[in-house]
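There are 2 protein chains.
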Amino acid sequence: MDIDKGLYSRKQQILIAGAKLFHKKGFKGTTLQAIAQEIGIEGPSLYNHIKSKNEILSTLLLSNAQEFYDRMLEIKSTSETALQKLERLISLHIELTLKNPNAMALMLNEWVHLDAEDKTKYVNLRDSYDNDFQGILAQSIAEGDVADLEIDLMRFMMLSSLRSLYAWCAKYKNFNRVELEVTVKSVILNGILKK
Amino acid sequence: MDIDKGLYSRKQQILIAGAKLFHKKGFKGTTLQAIAQEIGIEGPSLYNHIKSKNEILSTLLLSNAQEFYDRMLEIKSTSETALQKLERLISLHIELTLKNPNAMALMLNEWVHLDAEDKTKYVNLRDSYDNDFQGILAQSIAEGDVADLEIDLMRFMMLSSLRSLYAWCAKYKNFNRVELEVTVKSVILNGILKK
DNA sequence: ATACAAAACTAATCATCATTAGTTTGTGGG
DNA sequence: CCCACAAACTAATGATGATTAGTTTTGTAT
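So the protein lines, in turn, are chains A and B.
Every letter in the first sequence is one number past the one before it in numbering that gives the first Met the number 0, and letter 127, counting from 1, is 126.
Every letter in the second sequence is one number past the one before it in numbering that gives the first Met the number 0, and letter 171, counting from 1, is 170.
All the pointers check out, no bait thrown in.
Treat identical chains as interchangeable: a pair holds within one or across any two.
Computed cross-link-like contacts, DSS-like style, restricted to lysine-lysine with a CA-CA straight-line distance of at most 27 Å:
#1 K75 <-> K194
#2 K50 <-> K24
#3 K184 <-> K172
#4 K120 <-> K10
#5 K75 <-> K118
Keep in mind that the hints were calculated from the coordinates and are not lab data.
Sequences are here, hints too, so could you generate the full structure?
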């Protein structure tokens with residue numbers, strides 16, 4: 000019973016509790032009874048609001064993946080330099096991480112438990128995102144701002160650290176958001192060496 | 000039936016198959032029957048070689064965490080500069096990733112399914128490793144080689160990308176190991192910007 | 001107040017595994 | 001050739017947990 004009943008619909012509460020528990024115990028390690036208990040009802044009562052356990056996971060994953068992709072399209076369409084777009088993408092990751100830390104964790108691993116149709120949708124969204132990300136990276140190499148190294152690997156390393164940030168935020172709760180953004184950008188763009 | 004019977008003991012085969020399937024489906028999503036099938040026997044026959052499903056996971060995780068920590072102690076004890084030690088740590092991650100890609104994946108997530116005692120052991124090993132890593136990073140700042148930014152976050156970002164490398168290696172199978180090391184070091188040390 | 005609909009509850013059901021019991025097979029040393 | 005012993009096999013057992021059925025409660029609009 001962690002979630003304020005006044006502020007969220009039951010469906011919302013279920014999604015919030017689901018994200019929290021799926022993150023902590025994994026999808027398969029979380030029982031519907033546990034989710035129900037988290038919001039103060041009995042397990043089977045959940046079925047007044049959801050169709051299945053899998054629906055909780057797919058709602059969480061698809062809505063977040065969609066939000067990432069929508070925001071990517073928005074950033075792609077601006078007329079800035081590719082490097083400026085990369086900086087916006089870094090900010091985007093931080094923004095969405097702060098908004099939905101638990102969902103961010105699920106996007107790394109739990110998507111394997113989606114059923115076939117949703118898994119395809121999810122993987123397509125993620126692949127599109129990764130592709131566009133890499134396209135912008137390629138452009139910033141072409142524009143002379145970014146080093147011409149193995150581009151798959153550069154993209155991969157950038158996204159790995161950005162996608163793990165939720166864990167850092169969970170551990171060091173008293174960080175300053177602006178400082179976080181500055182540091183993350185500095186480490187990604189300039190590396191750790193002193194100049 | 001993927002694993003050559005001649006080269007490995009049954010216990011080894013079980014560990015290899017377990018790592019593969021736990022990686023693909025998660026610990027809770029993998030049945031003993033599936034592991035058995037992978038090496039061509041029936042589920043209950045596994046009990047001639049193991050004590051429980053959990054033992055498979057804990058053997059995989061603890062032996063790998065221990066290997067990381069042993070190697071860390073070795074590197075700490077050399078008389079090189081802290082920056083040289085950091086480069087050795089990057090190489091170490093790549094070496095162990097190539098040796099045990101599936102186990103590397105498990106170390107990120109599946110440790111939550113260890114039972115209490117093993118989980119404590121595992122978390123202690125990991126925390127010690129992270130601590131020592133950060134100590135070396137602090138020293139290299141003190142030695143004037145590394146930028147004086149939020150040190151927790153720098154350590155976190157470095158380890159996030161290193162610990163995810165198994166996924167890149169799985170996807171781009173034809174990479175050159177030396178080039179991989181060079182690129183990873185360059186991105187971590189110098190960032191992505193062209194100099 | 002009263003009735004209806006939404007949302008809870010309790011008590012099945014049914015499937016899926018991990019694990020155990022009891023039995024058979026296969027092999028290497030005598 | 002035969003005996004042990006390790007390592008398989010098949011057939012329970014028992015727990016767990018998603019989902020369904022059927023019933024009661026609650027809250028709201030008349």
